[in-house]
Each structure stands twice: as structure tokens, then as C-alpha cells.
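With the hints as a guide, bring the two chains together.
Read top to bottom, the protein sequences are chains A and B. All residue numbers for the first sequence refer to this note's numbering, where the first residue is 552 and numbers rise by one. All residue numbers for the second sequence refer to this note's numbering, where the first residue is -2 and numbers rise by one.
No wet-lab data here; the hints were simulated from the structure. Careful, some of the hints might be misleading.
No farther apart than 30 Å at their CA atoms in a straight line, the calculated lysine-lysine pairs in the DSBU-like style are these [said to hold, decoys possible]:
#1 A:K684 - B:K3
#2 B:K295 - A:K610
#3 A:K681 - A:K610
#4 B:K417 - B:K398
#5 B:K3 - A:K681
#6 B:K388 - A:K733
#7 A:K597 - B:K423
#8 B:K417 - A:K597
#9 B:K388 - A:K597
#10 B:K388 - A:K610
#11 B:K398 - A:K597
#12 B:K3 - A:K610
#13 B:K3 - A:K628
#14 A:K681 - A:K733
#15 A:K628 - A:K610
#16 A:K610 - B:K183
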Amino acid sequence: MRAGRNFLFYLRFHRDCSERLLARAGQVEPADLETSIEREHIRMRKMADEVMGEVHRMKAFVRLTPLGPFVLHGFLKPRHRIGEHICEHFARRNAGIIVVLGNGRESWICLYREGRIWRERGNGLDESLKQLKTALQSDIGRQNEIGRDDLDVDSLWQTYYDSQNSPERDNPAAFHRHMPRKDQEAAGLRLVNKQKNASLKDFLGRD
Amino acid sequence: MVSLEKISRLAMECRFDSLGRGGSEDASGLMPGSESAHYASGKMEIGSCGPKSSAAGGTRAWVDGKKLAVLGEGTRHDVCASTFSPRSSPLPGICHAFTQDGRCVSLFKTLYTNLCSHQCSYCSNSAGCMSKRQAFSYTPEELARITLSLYRGNYIEGLFLSSGVGRDEGKITEKMIDTIRRLRQKHSFSGYIHLKILPGSSRSHIQEAMMLADRVSINLEAASASHLSEICSTKSYESDIIQRQRYIQRLMTELRSEEGQAVLPAGQTTQMVVGAGGESDEEIFQRMIFEYDEINVKRTYYSAFSPQQGTLLEDRPAEALWRERRLYQMDWLYRVYRFRPSEIRYAFDESGFLPNSDPKMAIAREFLDLPLDPNRASYQQLLRVPGIGPKSARRIMARRKRQPILSRRELAILGVRIRKASPFLKINGWTEATLERWQA
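Isolated chain B (complex conformation) (with noise of 0.2 Å):
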């Protein structure tokens, strides 16, 4: 322990500073009159923190609440929240709130600009929509500045930027490269950034967004270039999207940080938009394993289709809910069970798509004809059995080793959900092949 006053004298000495450094020399574009801020109403002011932009006398921005919250909104359907990255000292996603649904946000997710040429009908900020009301843009300071002011206070992990492609895709990457050049050079920001690469971008905008950010994702938004083409006429599947993955793919062999280490610790992920193309569940199955196995995304994200309002797709109904949870859990069994295609093909039905139950015990029930004695079962055989996930296989694996398993409690303390699994198991030598085994 030492005294306060040596705390205080420490931190007056100290010339360095994670957050703010810098912070204070440029201000003036976010001050009132600047060049693209708008200050219609609900203007709101954010400080700084740190030893340099005091001795400037501190610095102050104008940030309005509408342009906060609409460009908020446009990110509202873009799903990932992953803040896990080995750059830094990985943390387990820490989430710093939820939203009404259940939500993590942990990601300051904006939109650069909702201004965009793009004609995709489900889009609410497509160049076609009715609702539309106003186009907002913020300037790169701006934007760091608001992200630096919500890590500092541990609202956010980070920053997830996204943005329309406004007339010229090429014109804003280069902004929102600038926004997170500043965060990571000027303000010597450690946090997470997620950059959304734009359909079309230059493969030189690509390496220099790579060398930055911890993620960088395109957005499919279809299964196929003929169902994209129903939801978007200004976009070429292959050209715009595809390609631009294969960039990513190739430069993260390439590429190399300044200390000799790779670039994108985070990776490359891509979503999907799921019921607004026509395309079957199946369609997005196929779809999924060719992104994990020939471009080597770590996540594929599934967001179920909502109409918006203005847009050509308003009168279309929402998609359920439950859909877009299915394919999450088909996605789980391929990435992270390692089932194989041709197993979890068993989940679909005739039409390809996946009913709302399990698909992992549709996948049991054909697989799994004996119970399994957990005490012989292999650990892919054990990941078989609904209920028992990697950890608890791993568990029963490590118990067995020292001591059978004898009882359903023990398994349920090794965090099997043993009411699922029970049907599927021979255990101490009994069975428990009830109903529940066949019903849904």
C-alpha cells in the first residue's frame, strides 16, 4: 500500500496515457460549425480524460442525439457482439448491457453514414427507401472521439463500424479507415474494432483496414447470387462480396504487424439475411460450409428478416424468430461439434428447411440406434448425445478415467442435462429408453 499522495504525484508525472493522447490538438473539427456535423437538437457534450488534454485546457464536442441515434439504428440488425480478440489479453465477451431482447452490447455499432446508393429492398437505408428521412454523416474526430468517451467510461469493449457506401463505396472506406487510424495512431485506442468492409472496396482499402482493426466482415446477406439479385439489383454477389473475401483470405497469409505478427487476430465474418431471399434452410447450410471451408470465416452471423418500414419488402411478413435460433444451433453442431455434413443433412426436412425443434436430437434419432455406456463412448460419440455438450464430455471423459459413472447424478453435476440425454444412455447398465426419446 502506499499514500495518496504518491498515487496523485505518480499519476501528475506520468507521460503516457492509453486513452486521450494527443486527444486535445485536433478538436476544432468538432466543435459547432464544422464541416459535416449537424446540430439541429439534442446536442450533447463529451470531455476527455488524461495528462496531455488537460494541459490543453481540455477539450469539449458537440455530438447531436439524432444523428447518434439514427446512425445507432442502422446497425440495429447486424448481430455480432464478439469482442474476443488474442491481441490483447483476451477476455471472455464481456458485454456491458443488454438490450430489451436479451442482447449483448458490448460494441459502440454504428453506421459512418446512412447515405447509400445500394438498392437492397430490405434495407433501411437503401437508396429506395421511402421512410428515409434525413442523411447523417459523422467526421472520423467525431467518431473517435464518442468511441474514446464510451470505453473510457466501460460502456464499450470497442468499436463496430459499418456505414451505407454513400456515392462513392471508395470515398467512405477511406473515411472510416481515418476514424480508426486516429483511434489506433492519435489516441493510442487498445480496444476491440470491428470494420465492416464495404461491397466493392479496393483491395488496397482492405489491407489497410486489415492492418488495423481486430475483425473485418462483408455481408452476404443472401445464399446465392440468384437469391441476392431478389433482394438487391445493384450488387454482384461474385465481383462485390466473394471476391472481396478472397482478398481477406489471401491477405491474412500475407500480412504481417510491424512486430512480425499476423493482422486480424479477430478474423473474418460475414451474416446472413434469412427469410428475405426465398432461400431454403439448406440453401444457407451449403452456403455456411463453403465460408467455414474455402474462405475460413470464424463466425457466419443469421439475422431474421423484419420488414422495415418504407422499403419494398414492408408488406412481407417477419420471420420467425425460432428460424434464425435453428440454424444458429446447425451452425454450432458443424463449427463447434464437428458433426458431419452428412449427418446434420438429416435435420432438414423434404423441403430443406429445418422444423422448429432440436436438430440435434432429429440427428440423435437417426444416428444413435443402441444407448451409449458413458463410460465406453467415445468423446465424438458422447457429443452425439443431446445434452451433453464439449465441456461435459470433457468432464465425463477426465471422471471416468479416476471412477465409473454410475448415476444420472453424478452426470448431472458434471453439467449433463440429463432429462435430454437420459434416453440416449445406458447407465450403470439400466436404460431409460422412454417417450421422450422419440417425441419432439
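The shape of chain A in the complex, shown without the other chains (with noise of 0.2 Å):
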């Protein structure tokens, strides 16, 4: 997965792209750069092709869960700095319902209504949905108590994907490559390889 014509807009969140080198890539034709053999050049692709996998991962692999009627929220520590973008994603995808990311240490909230984004960034998700929950005060509180609706729903998610399972087709690397373990972490992602099943295969398949 290359970025593309899209290379500058994905470079920004590497957590090591400084205004300098994005300086120097926005004089770089996209097209140039996606068939240059520069070792800078060659290392810019490198850095959005890896925040473009990993914004793909994190839009796949966050869950969501409900908190009263007004909120969405979910874990999120992503390597690069896509948390608010991700955040979007999500407020796009439910308008009118506030979509809170975050994890311990920072936090993205945002709203999408009536075509338009709006958004704010918290010191953590714990506190981010405190906050709220007092000032959306008794809507909250009246009827669901945080993470009852998650349990719920994620057993439903693990009954489902069990039942996909094919064990006659059985390809613990082929899950490992595409799932890695980093990325599930960075998702708060409850590990779907089911570790009570696991064996020695699974391990020796692992990253």
C-alpha cells in the first residue's frame, strides 16, 4: 500500500516528520516522488506509507462503545499523531453522536452535524468522558453505566467470529501478517486469536 498523490497529507502525522523535511516534500511533484530512487525521497515514502497502514488499521481495528445516547468512545494509542484524524473518521461515520478516542495520557473528541467537524482534544479518555458525562449530566447516567453495552455486543462480535472459523484452512501466519499484534494493541483490540486454543504453531507464527 503506497500513499500516492496523497504522500504529504500522511507524512505530516509521522511522529518524526519535522517541519523542515515537510518543507522539503512539499517541493517534490507526488508523481516524482512516488518513482524516485533518492534516498530522501525513498525514506518521505517510506514514513506516509507507514502512517497511511496504520490509519487504515486503526479505522478497521478500534471499537467503539456506546455510553448513554449522545456518545461513542473507544481506545485509541496510535505510534503516529492520526488520533484526531481517526476521531473524524469515526464522528463522520455516526453524525449527530459525539466519538471520543483516547488513552491514558491524551484524548480526541468530535462531532460531526450538519456537515460540519467539531472538535476538541483531552488530557485522557477517562477524563474526556467525565467531562462529558457531567455535561451532557443526567442523559448519561440514567441508563447506561460505562462499558455495560460493550460486554454485550462483544460477545455477540466473538460468537459471530467463531463461527467464521475454518479450521480445515488454518493460517496462523497468514492472521499474524495481517493482524500484528502491534496494531491490535494500539487498538485496544481484545486479542481475537483465542489464547486458550493456541499452540505451539500459533507461537512460532507470531511477529
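Okay, structure coming up:
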């Protein structure tokens, strides 16, 4: 997967991307960068591709849990500076609902309403949820406790996921290639590879 | 940036919602004791999220875990997992999880019911399957709610709805259409929907389904009528399957959505069970060409036969998975690389089967007599070199406009799999005609 024409968009999110690098990257035509063999251009391309890969996997792996009628929240601890971008993606997907993503240290809050995005940053997922709970007053507390729906939908999902397994096609190496442990952890995913069924083969196939 | 208080106020004032709109009005059908839900064991609760559902105090629905598992398991041999639809802003295929065999799980893939009157000798849902213990069915609202819950939690991109035909395919099709209508119209569901058309479905049902779904498909199961009759005595290849595919094809040109756009943005697809009917790969290839050229399907999928307990073919050995892989490679050569059928035929052996080796390599050995210069070869010629795909071929074309390509390293940076490609290339005047070119 290559960032292609959008490489500047992704490059700016890279954790090691400086203003100087971004300025130099801005002087290169995306089409030229795509086929360049210069060392710096290869590095820029690699950085943009890394970010694009993480964006793609976080959009796929982050799970959202409802907190009352107005809030969806999920764990996200990305390696690159993509928190706000991912949060916006989920806000657009769930118009009219506040989406909160984050971890112990930072959080992102987005709401998409009437074609407009509203954004805010916080100092951690728990803290942002507490603040939202206060701001929304009794509307959350009356009917949902945090995490309650999560258990239900998660077990619904786990039952369905297990039903899709074809033991005759078992290929743990492919599984670990597509779902790297680091990305599962960044999205706070409970490992879908069930530990109780793990065999020596599973451990050998791991990254 | 705005304050959390302001965001909270905006959310509470919000009167539109992509999910759960009006969802609380008809939840009674899901509660214990409703018409056809099963509540034997393993109940799970699903809730809803959104301004309107909260106004009614929220909704709770019970789902039988066993039903969810059995109806999910009934679709695990359906391999289409594509979610790409130009209807909404297209995303590159998002896979929300992968199974232990490395296959993408992007859709909630389920049967509406596992009750079926067809007698397919390979299928665990067929009427003749001895190991089938219990028949399960969803209700349209129940299935819509599960889909919404999973979609809202970002577990899936949408719904893939298939089914046994029950006692009457018309009635089951109506229920399936009712499910997706509820999703689209009542719950404003904007996710992806792939609906299986049941063999023998009426034209009006197909039309209705096409107005709501992103993609529909009807499984061929076998490469010809005679092969289908080997594995299923109750379906007519021409009238139940091919005729329905033609309905879909014609309706795609005739129908327009309310906004005047073409319906069924992700088109129609089909699937074959490889190895159950005893057909050769060349026969599958002929059928594949017919499907792409005459029916205009977007994709043909192949699923290697694996024996299911209690079925008539229970004792037949499973088809090798590599056969399925080679068929996909052949399909790719025709559909994406635009190889001519006369070229692809060289990949088959005398009995019409693909050997367990890369078909592109076999074709290259037959047609690429002289090594190609990447600085002069046309796009089509580059595509015929093993290790060069459409993307790397385009990059080579773009690169050489500015500067000639002089080394293997440059090609590798452009995405060429150099070990496979170099025996067929002349790079900077040098050819590496090694044994690799002639080995499998």
C-alpha cells in the first residue's frame, strides 16, 4: 500500500516528521516522488506509507462502545499523530453522536453535525468521558453504565467471529501478518486469537 | 477547538442520526416471546445509541448465541468479503478482523434461515444433510438490530445476507428484503449490503433487492448444467441461476434510484464450488469468461470443496487449497492484467488442470522468447513479465520518461519482484538468463 498522491497528507502525521522535512517534501511533485530512487525521497515515501498503513488499520480495528445515547468511545494509542484524523472518521460515520477516542494520556473528541466537524482535545480518555458525563448531565447516567453495552456487543461479535473459522484452512502466519500484535494493541483490541486454543504453531507464527 | 460543553449541547440538540433513527418504535418483536426468535440458551443483549432511541428509554433485544453461531457458520464458505461501493465515499477494503486462516472479516455474513428444501450434496444446510440438528431463523428486525449494533461498534462495514430457501424461496426473499429495507429506510443505515439472490427468485423481488443493496450475487456452484446436476438435483442451471443473472444484468441498465443514479453500485458477483462437481480448471475458465463477458459480473469467486459432516459428499476428500489459489491467479490474469484467453490456455496441462505453479510464469515461458528492455517495452509487454504487476509497470513507464532504468535496484524500488522478473529482462544491456527462468 503506497500513499501516492496523498503522501503529504500522511507524511505530516508521522511521529518523526519535522517542519523542515515537510517543507522539502512540499517541493517534490507527488508523481515524481512515487518513482524517485533518491534516498531522501524513499525515506519520505516510507514514512507516508507507514502512517497510511496505521490509519487504515486503526479505522478497521478500533472498537466503539456507547456511553448513553450521545457518546461513542474507544481506545486508541497510535504510534503516529493520527488520533484526530481517526476520530473525525468515526464522527462522520456516526453523525450526531460525539466520538471520543484516546488512552491514558491523550484523547480526541469529535462531533459531526450538519456537514460540520466540531473538535476538542483532552488529557486522557477517562478524564474526557468524565467531563462529558458531567456536561451531558443525567442523560447518560440514567440508562447506561460505562462498559455495559461493550460486554454485550463484544460477546455477540466473538460468537459470530468464532463461527467464521474454518479449521481446515488454518493459517496462523497469515493471521498474524494481517493483524500485527502492535496494531491490535494500539487499537485496544482484545486479541481475537483465542489464547485457550493456542498451540505451539501459533507462537511460532507470531511476529 | 470548542469546549466539551458546547459539543455536548450540539449533540443533545441533534435531531438527525445515521443510526438508530426511530429504532425504538418496533423493538417488541425482539423481546422474549416474540414470533420466531429462539431463546434456548446463551442469550446476549444488544442496545441502541442515538437521540431518538434514548427518548423512549432505550431498547434492549435478546439474541440467541446458538442461532447467531449456526447461521453465521452457514456462510463461512461464501468467500466474497469486498465492501467497496462507489455509493458513498469509497474506502479501500477495510477488514475489521481476520479469521485464523487469514481471511478478511469485513461484513456480518449470515444466513437468514438455515432451513432449505434444496438437496445440494456438498452443503451442510441442505435438506438431505443428516447432521443438521435444528433450524433457526431471524426476524427482519432482529437481524437489522444485530447489524446496527455491530456496525455502530465498528466491528463490520455492513451486512452479507444469504439464506436457505426454506419451503418457499419467495417468502424467504421477502423476509430478506424486509430486513434490508428496515436497515436502509427505518434505521437510515448507510453501510454496505450484499444480498444473495436465491435460485428461482422472481424478477420483481430481484428488482426490489437491487434498489436497496450495494451488491447482489447468485451462486453458480458449478461450471455447467451437467456438473451442477452431479451435486444438486433440485436446481435448474439455466432457469434458476443463469436466467436470474440475466435479470440482474438487464435491470442494472434499466433501473435508476430516486436521485437518478444507477442502482447496485458494486454490481453482481458469483461463486463456484471447486472440486465438488468434478469439473476441470479449463471448464471453470470457460465459465469464468462467459460470466465476465456475457453477464458482466464484477467478480467470480472460487471456494475449494471441503466435505461437511452428514452430507452426501462427506467421504470425498477435500479439494487442495492451492487449486483455489491458482484459479484466482488465472482469474486475475484475465480480469486485471487483460491476458487473452488464447494466452491463458497455455497455463493448463493436457487434462485441462492448472499445475501447482504460478500460471503467469508458465505463460511467460511460452511467449517471452527474448528478454525485454524495461526502457522500451510497452505497458502490456511489461505486464507479461512475472514479478511485474499493473502498479510497478505504471511506475516503470513514468520513471523512464525522465531517466532510463539502469539497475535491478531501481526496479526493486519501483516495486518489481526482481528475483522473478530478472530472467525475463535485459537491464542496461545485461540479461540474466539463469535456470530460474526454466524452473517452476
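Hint by hint, here is what the structure shows:
no. : hint            : in the structure
1   : A:K684 - B:K3   : holds, 13 Å
2   : B:K295 - A:K610 : holds, 26 Å
3   : A:K681 - A:K610 : holds, 25 Å
4   : B:K417 - B:K398 : holds, 24 Å
5   : B:K3 - A:K681   : holds, 15 Å
6   : B:K388 - A:K733 : holds, 28 Å
7   : A:K597 - B:K423 : holds, 28 Å
8   : B:K417 - A:K597 : holds, 23 Å
9   : B:K388 - A:K597 : holds, 17 Å
10  : B:K388 - A:K610 : holds, 25 Å
11  : B:K398 - A:K597 : holds, 23 Å
12  : B:K3 - A:K610   : holds, 26 Å
13  : B:K3 - A:K628   : holds, 26 Å
14  : A:K681 - A:K733 : holds, 28 Å
15  : A:K628 - A:K610 : holds, 13 Å
16  : A:K610 - B:K183 : holds, 26 Å
Consistency with the previously given hints is maintained throughout, with no hint failing.
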